[in-house]
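Read top to bottom, the protein sequences are chains A and B. Take 678 as the starting number for the first sequence in this note's numbering and just add one per residue. Take 53 as the starting number for the second sequence in this note's numbering and just add one per residue.
Calculated from the structure, these hints are not laboratory results. Keep in mind that the hints are not guaranteed to be accurate.
As the list claims (entries may be wrong) - Computed Cβ-Cβ distance ranges for the label pairs, DEER-style:
#1 B:149 to A:936: 50 to 56 Å
#2 A:693 to B:61: 55 to 61 Å
#3 B:138 to A:888: 39 to 45 Å
#4 B:121 to A:737: 47 to 53 Å
#5 B:198 to A:885: 27 to 33 Å
#6 A:710 to B:198: 41 to 47 Å
#7 A:693 to B:94: 52 to 58 Å
#8 B:121 to A:796: 41 to 47 Å
#9 A:920 to B:202: 41 to 47 Å
#10 B:102 to A:858: 21 to 27 Å
#11 A:777 to B:163: 31 to 37 Å
#12 A:720 to B:118: 50 to 56 Å
Note that beta-carbon positions come from the ideal geometry of N, C-alpha and C, so glycine has one too.
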Amino acid sequence: MDWKGRDVISIRDFSKEDIEFVLKVAERLEEELNEKGSLDYARGKILATLFFEPSTRTRLSFESAMHRLGGSVIGFSSASSTSVKKGESLADTIKTVEQYSNVIVIRHPMEGAARLAAEVAEIPVINAGDGSNQHPTQTLLDLYTIKKAFGKIDGLTIGLLGDLKYGRTVHSLAEALAFYDVELYLISPELLRMPKHIVDELRERGVKVHETTDLEGAIPELDVLYVTRIQRERFPDEEEYLKVKGSYQVNIGVLKNAKETLKVMHPLPRVDEIHPEVDKTKHALYFRQVFSGVPVRMALLGLTLGVLEV
Amino acid sequence: MPENLKIEVIPEGTVIDHIPAGKWLKVIEILGLTKPNGGTLLIASNVPSKKLGRKDIVKVEGRYLSEEEVNKIALIAPMATVNIVKDYKIIEKFNVEVPDEITGILKCPNPNCVSNHEYVTPRFHVESRDPLKLRCHYCERTIEGEDIMGSL
């Protein structure tokens, strides 16, 4: 696979080999970074971060990754400060920004926006989240974190908890996990179940899927518990949100029946779904997960820019 | 008059047969035949049919529709057959088949799909033909059954 110029839009565009390759490059870059402190593969290259929707950690993680690769960054962090407010189309914004940069990272509230941007741009486009659709770089860093923690992904039993209806991170992760020999527990309130088309697809691809509302019943089975926030901003109406707000909280009590080796993950930010007392336990993996974003995004930027020797 | 004479009555053009009764308007919309294009359009609706019970027939005089064009109607009339007529004779006959990609016919039912907000032609990839399941090229959601009909 030629990575130079490639877009990273959806985990559906990736094969298992692609995923494994990115994880391997990320691991190599993490080692190099530990050894040298900073790298200069992307010297002279410019990343444009177009965040039409607020996000702190994903944007900072991409910026950090580009700086650590020796490149530089331009961009905006809210659509209100751009010509979009004057009525400019997404296509025109992209065509303009590509004149200033070598790679574009886009976050947009509409599903499919990153795909459209990639069709318009001649430089590589990386999706940093499009509505409730995809967040492929989060998925790759999640897989990287699991692989670093367990040395493998195959054979694990993984629980996805919380907002499985609107949560794009769990949609992409579930689709990527279907490449591996895993068992999935989908744990959510009835109102926030994983969309049927994704569950059907997982089953068609041979994944053993359990759908449940019972976190405490599922927890003894799990190697990984991937917790998501119930995202108020994704709900079409406030009443629906109030019905499910605070449905689950992972705390010491909930974890008492977990395997010793259970790891708790969360794409962050959290609100009240993981009690801070869990941070000090050996189960907490979420801050390590945040760090994983840097080497994984370095790998993706370096590969799509064509500046890494592979 | 025998049914086959009704089908073969045009001198040149395309006859689309075995359209489910009541769907002829949708068919001519899909094929972009609702505006005057120089040729005569003949519609036979609610015709008795051994295969369907009742069917519609659309005859497009003086125009040969491409296979790809005609295949679009497989979305609403999977049993349809197409006859290419020249000098009052059927020179080619084929069944419609859903194409691999559906472009510009269906509107994505997801209100938050970028294709409903930006200047872009909606595109769908066929995930399965039986039952028909399509995936939006942009928002990646799948649609089936009644949702496909509702998006036409």
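Hints versus structure:
1. For residue 149 (chain B) and residue 936 (chain A), the Cβ-Cβ distance of about 52 Å falls inside the hinted range of 50 to 56 Å, so the restraint holds.
2. A hinted range of 55 to 61 Å holds for the C-beta pair residue 693 (chain A) and residue 61 (chain B), which are about 57 Å apart.
3. At roughly 58 Å, the beta-carbon separation of residue 138 (chain B) and residue 888 (chain A) lies outside the given 39 to 45 Å, and the hint is violated.
4. Distance hint for residue 121 (chain B) and residue 737 (chain A): a CB-CB separation of about 50 Å, consistent with the stated range 47 to 53 Å.
5. Between residue 198 (chain B) and residue 885 (chain A) the Cβ separation comes to about 31 Å, which falls inside the hinted range of 27 to 33 Å.
6. Between residue 710 (chain A) and residue 198 (chain B) the Cβ separation comes to about 53 Å, which falls outside the hinted range of 41 to 47 Å.
7. With their beta carbons about 54 Å apart, residue 693 (chain A) and residue 94 (chain B) fall inside the hinted range of 52 to 58 Å.
8. Taking the beta carbon of each, residue 121 (chain B) and residue 796 (chain A) are about 24 Å apart, not inside 41 to 47 Å as hinted.
9. A hinted range of 41 to 47 Å for the beta carbons of residue 920 (chain A) and residue 202 (chain B) is inconsistent with their spacing of about 28 Å.
10. About 51 Å separates the C-beta atoms of residue 102 (chain B) and residue 858 (chain A), a value inconsistent with the hinted range of 21 to 27 Å.
11. At roughly 32 Å, the beta carbons of residue 777 (chain A) and residue 163 (chain B) sit within the given window of 31 to 37 Å.
12. Between residue 720 (chain A) and residue 118 (chain B) the CB atoms are about 52 Å apart, so this pair conforms to the stated range of 50 to 56 Å.
Of the numbered hints stated above, those contradicted by the structure are hints 3, 6, 8, 9 and 10, listed in ascending order.
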